[in-house]
Structure formats: C-alpha cells, structure tokens
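Novice: Read top to bottom, the protein sequences are chains A and B.
Residue numbering for the first sequence follows this note's numbering, starting at -11 and increasing by one per position.
Residue numbering for the second sequence follows this note's numbering, starting at 40 and increasing by one per position.
Be aware that one or more of the hints could be misleading.
Said to hold, decoys possible - Pairwise CB distance ranges (calculated):
| # | chain 1 | residue 1 | chain 2 | residue 2 | range |
| --- | --- | --- | --- | --- | --- |
| 1 | A | R321 | B | P79 | 39 to 49 Å |
| 2 | B | R213 | A | A318 | 51 to 61 Å |
| 3 | B | R213 | A | L239 | 52 to 62 Å |
| 4 | A | F37 | B | P79 | 29 to 39 Å |
Said to hold, decoys possible - Quick look at which bits of chain A chain B covers, simulated, 3 or more residues with Cβ under 8 Å:
| # | segment |
| --- | --- |
| 5 | 19 to 25 |
| 6 | 70 to 81 |
| 7 | 158 to 170 |
| 8 | 264 to 270 |
| 9 | 282 to 292 |
| 10 | 297 to 308 |
These aren't lab readings, by the way, just hints derived from the structure by calculation.
Quick reminder that beta carbons are idealized off the backbone N, C-alpha and C, glycines included.
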Amino acid sequence: MTFGKTAPAPGRIPWGPMARMTGRRALFAVPVLLVVTFGAFAIAAASPFDPVKAYAGTAGLTASQENLDQLRANLGVDQPLVSRWWQWLTHALSGDLGDSSVMRQPVTQVIGERLGWSVLLAAVAFVVAVLLGTALGVLAGRRTGGWCDRAISSLAYTLQAAPPFWLGLLAVWLFALKLGVLPAGGLTDTGSTEVTAGQVLSHLALPAAVLAASQLPWFVLYVRQGVADALDEDPVRGARARGLAPRTVLLGHALRSGMLPVLTLIGSRVPELITGALLVETVFSWPGIAAATVEAATAVDFPLLAALTALATVAVLLGNLIADLLYGLADPRVGFDG
Amino acid sequence: MADLWRRGGAGAVRRSTRAWRVRTSAVIMAAVVLAVLLVPPLAQLDEQAVDLSAKLLPPSLAHPFGTDDVGRDLLLRCVYGLRVSLLVGLVAALVATVIGTAVGACAAASGGWVDRVVMRLVDIFASVPHLLLGIFIVAMFQPGVWPVVISVALTHWLSTARIVRAEVLSLRSRPYVDAAVSGGASRWRVTVRHLVPGVLPQAGLAAVLMVPHAIWHESALSFLGLGLPTHQASLGTLVQSARGSLLAGDWWPTLFPGLFIIVPTLAIAGLAGAWRERLNPRRRSELTL
C-alpha cells in the first residue's frame, strides 16, 4: 500500500534508507552465523566423525597411542561441544580458521587462493543466464501458448530437470572429445606453468556455459510470466490504445514491469548458483572453492568444510540483501523496511 | 510482432495442450511405476551380471541402451537405478513432509514467540544452500543410503513448514474452527482434528513436488561420491561410474541414466501442476518445479 508514504523524488537514490537496511541485515547476519556454525559443530559432534583420525590421516594408522593422545589434547577434542565451538569462533574472528587436512595448508589460504576463480566462474555464468534468459523469456511471453512459447518453455523445463553434472559430462563429450574445440577441464593446459588470460578464457567457456544453462530456466520462466502478465495490465493496454508500436510496448512497457521479479531473483539465486557450482566445478576440475568443498567432504576435512559452509551462508545473505536493495530501488512502493 | 494483439484463441490452445500434457505425464508415470515394480521380480535377470565379452556395446536391439564397461545391460541397470532413486526420493520426501507439517502446524497453532522463534530458525536453515548442507551431513555421517535419505529430508522440510504454517493460519479464521473452539475443544485437539486434516492436501502436493527434488539431490550426492556406494545402482552412481567410459568417447552409459532422471521429473511436474491448479484454481500457471 502506498498511502501515507512519501515517494522519493525520481532519479534520486535513497542512500539513507538503503544504508539502514544494510545495517539491519548485517545485525541479523550475526545470529544466523552463530546458529549455522554451532549447527555444524553439533552435527559433527553427533556423527561418528573423529577429528584426530581425520587430522592424522594415514599417519594415524602407524602412530603410537602416546602421539595420538598428544594430538587429541592439542586439538581439544575432549572439550565439550560449546567450548570447542567458542574457541573456533574466537580464532576465526582473529583471522585463523584452522588448517585444512586435505589441502595441507591454512583454511584462509585455501579460500584466498580459490575464491577468485569461483567468483569469476559464477559471475560469467550468471551474466550469460540473465541476458539469455531475459531474451528467451520475452520471446516466449510475447504470446503465451504460441509455438515459440511452447518450444522455449519445454526447453526451460527440461533444462531445469536435467542435473548440471550430467549436462557438464555431455558437454565434455561433445565439445572436448568429439569436436575437440574446447578443453575438458582444469584452469590451464597440462604442462603449462603460467596462467594466461587466453588459456583461462578457453578453459572457462564450458563450465561457465553449463553453469549458465543450469541457471537459465528460472530466468526464462519468470521473465515469460512477468511479460505475459504485464501485457494484460492497464498501463500496457493504455500504451497499446495510444497506438504505440508493438515493439515499443513490448520492450518499453511490458519488459520493464516484467523485469521486476527478475531483480529479486538475481540475489535470491545465490543458493542455486552455489549448488550448481558444487557440481560444475567438480566435473570440470575447476580450481574454485566449490570443488574444494567437495574434496573436503570426501576427505572429511572438518575445518575447511565448516569455514566454507559459513562462507556460503554469508554469500546467500549478501545475495538476499542485494536483491532487496535492487527491488526497493526499482519499485519505490516496496521501500527498504525489510 | 503483429500477433502480439491476437490473444483471443490462446485459452483454448492452452487448455488442450494442458490436457495433453497431463495425459502424457500420467502414461509415463504409470510406465515408470510398472517398470520399477514388475521388471526386477519378473525379468529374473541379474543386473549385476558381468559379461566381459560384451563390454561397451553401443545401443542395439539386444541392448537398447547398450552395455557398460563390464558388459552389464544398461537398460536393466537404469530400471534398477530408477527403482533405488525413486525409493530414496519417496522416503526422503515423506520424512521431510512429516517434519515440515509438524513444525509448520505447531508454529502456527502455538503462535506468539514460539511461532516467531521457529520461523526465524526456518529462515536461518534456509540460508544454507541445500546441497552444501546435504554434503556436510553425508560427509560427517559417512556416505550410505540412510545418511543420504536423512540429509535430503533434513534439507527439504523448510518449504513444507512455511506452506503448512500459512495454510493453518488461514484455516484458523474459518467458522468451523471457531465453532470447535467455542465448543470447548482444547488447542491441541483443534490443531490435530480440525487444522491438520485441512492442510493435508497442500502438504501432499508439496510432498509430490519434492520427490523429483529428492531424486535430483540423491543423484547429485551419489555423483560426487558422497551418496550411495558405487556397486548400488542408482541414477547418480550410474552417471558417476560412466565417467571413465565417457572420457574414452562412449556416450551411452552417461546419456541414458540422465534421461531417466529428466523424464520422470517432467512427468511428476506435469501431474502435480494439474493437481495444484485444482487445489488453487485462482493462482494461475506457476512454476511447478
């Protein structure tokens, strides 16, 4: 309801309310992270997982009981759950997230080295998905029920049902093995010691395309629905009645209000983006943080897994914040009260 | 561009395509259910039977889906895999629906601070990506059938809890509930006897829609090596164990298990879409996955 609220002057960005919303969300993030990290420790405590064995790895099989007990004391395994969690938390705040047993380096270093590659992959895939999804969605929403709509919607539903790892494997088969045009995985060619932009670009193409394909359906279907609904709304009918060209009505009026739901999607798709990245990075051996998560899980590397879970939660909260800020900017009726 | 204005006949076209979609979905699901129920007991074939003289045969009349790298018939493996994946998906969806319904109904029926705390916890739970939480749980509890079922169930009850809570809140203002309350029924009795039965259709719809999700998650976990053991044919382990053959250039051991994920998913979505339209006639076509 817009009554009783003064709409901001058009063209001016309401920095104040946006900053207040960001502050509120940052405050809300604190309990969320506390609960999530505590939950991670609680799950680990309830499971048969033994940090000493995990930390010692194969060396643990031959180590003497004395050494194992020493390690047990060093790791603080016998302390109660809450104190272990609190210790981890205070160390984390001073920038020490522990050591990863599978990577044999500090967790912060693993994250620092890999985060950039994941962000690059996810960003490229996301931009492709938004642009292509909007174009296809407009084509489909222009006339729902038409052959164009039916073809695009069927494609979107099929892509939505297809597991990204399966798409990735088929893409490797087609483009790397049969056509031989793109590399099958990794960041650089085997044997190459330098990371050059050209090599990264060619290695990025397939994983980014598959990740984009896995994100595409939501954008297509939401834009389609938004445009189809907008075409039935009064302002668009008015524009039509004034005799504006169909193209102007579709792109200037219907698309603008049809794009609104997409803005919220842009931020709220972060969980699905992470899910897709977990699978796509593994298929293509992309040296990102999602592939590291899977490796950490396979090797039961708790310090790395806990840190990455917390990091993913931060990313999701950040995505929600961006979505709500964008939505408030695009539609002043929504405001920044959330 | 001119056809932008010709929207008159679209309704009839949409209705007929929809009826066609529902019929096709029903036929596919009937075939799937019959196959997974009847093929294993009737075929008397060993899906684990290794035949090294027939390894990696391309699709043919004798082996419609071809054979895998140790000569097992892929059609048979896919049917067995679908059976396992469907079972895991059904059990996980059922557990998740029970948890979600219980949490949602309790939150809405108690109201006040219990409701606020529980729904906040649901929000917090929802800010961890599903697959990541699933991976975490399975990693800690060792891969296997039950950890997979539990991890899928524990990550999927959130939306059901939200749906059930909203539904209970709207039911609570109905006259028959007022009548029960003024008749002296306790809060617990009103919830169990009058509110929960009212939300069962919505919860059931959510459960059906969850099955493809659960299958998807099981196959993703299995593919990552964090799900079912590799000798247990599920759709995910089939794709996982086909990786070597794929990199050698043989596409069929990868292609067919994936199609066995996609086709039932679309069929379930088609049926559930029709059900949803019947339940919520005013809400127009929405995304069904």
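Novice: Indicate, hint by hint, whether the structure satisfies it.
Specialist: Now for the hints, and whether the structure bears them out:
Range check, R321 of chain A to P79 of chain B: about 58 Å between beta-carbon atoms, so the 39 to 49 Å window is missed. Separation of R213 of chain B from A318 of chain A is about 37 Å and departs from the stated range, judged on CB atoms against 51 to 61 Å. Remark: the range hint 52 to 62 Å for R213 of chain B to L239 of chain A is contradicted by a beta-carbon distance near 46 Å. For the pair F37 of chain A and P79 of chain B, the supplied restraint of 29 to 39 Å holds, since their beta-carbon distance comes to about 35 Å.
Only residues whose beta carbon comes within less than 8 Å of a beta carbon in chain B count, and the segment 19 to 25 of chain A has 4; three or more means the coverage holds. Closer than 8 Å: that is the beta-carbon criterion, and the segment 70 to 81 of chain A has 0 residues meeting it against chain B, so the requirement of 3 is violated. For the segment 158 to 170 of chain A, the proposed coverage by chain B is satisfied: 5 residues have a C-beta within less than 8 Å of a C-beta in that chain, meeting the threshold of three. For the segment 264 to 270 of chain A, the stated coverage by chain B holds: 3 residues have a C-beta nearer than 8 Å to a C-beta of that chain, and at least 3 were required.
Figure legend: the segment 282 to 292 of chain A, annotated as covered by chain B; annotation consistent (6 residues with Cβ-Cβ distances under 8 Å, at least 3 required). Counting residues of the segment 297 to 308 of chain A whose CB lies closer than 8 Å to any CB of chain B gives 6, which reaches the minimum of 3, so the coverage claim holds.
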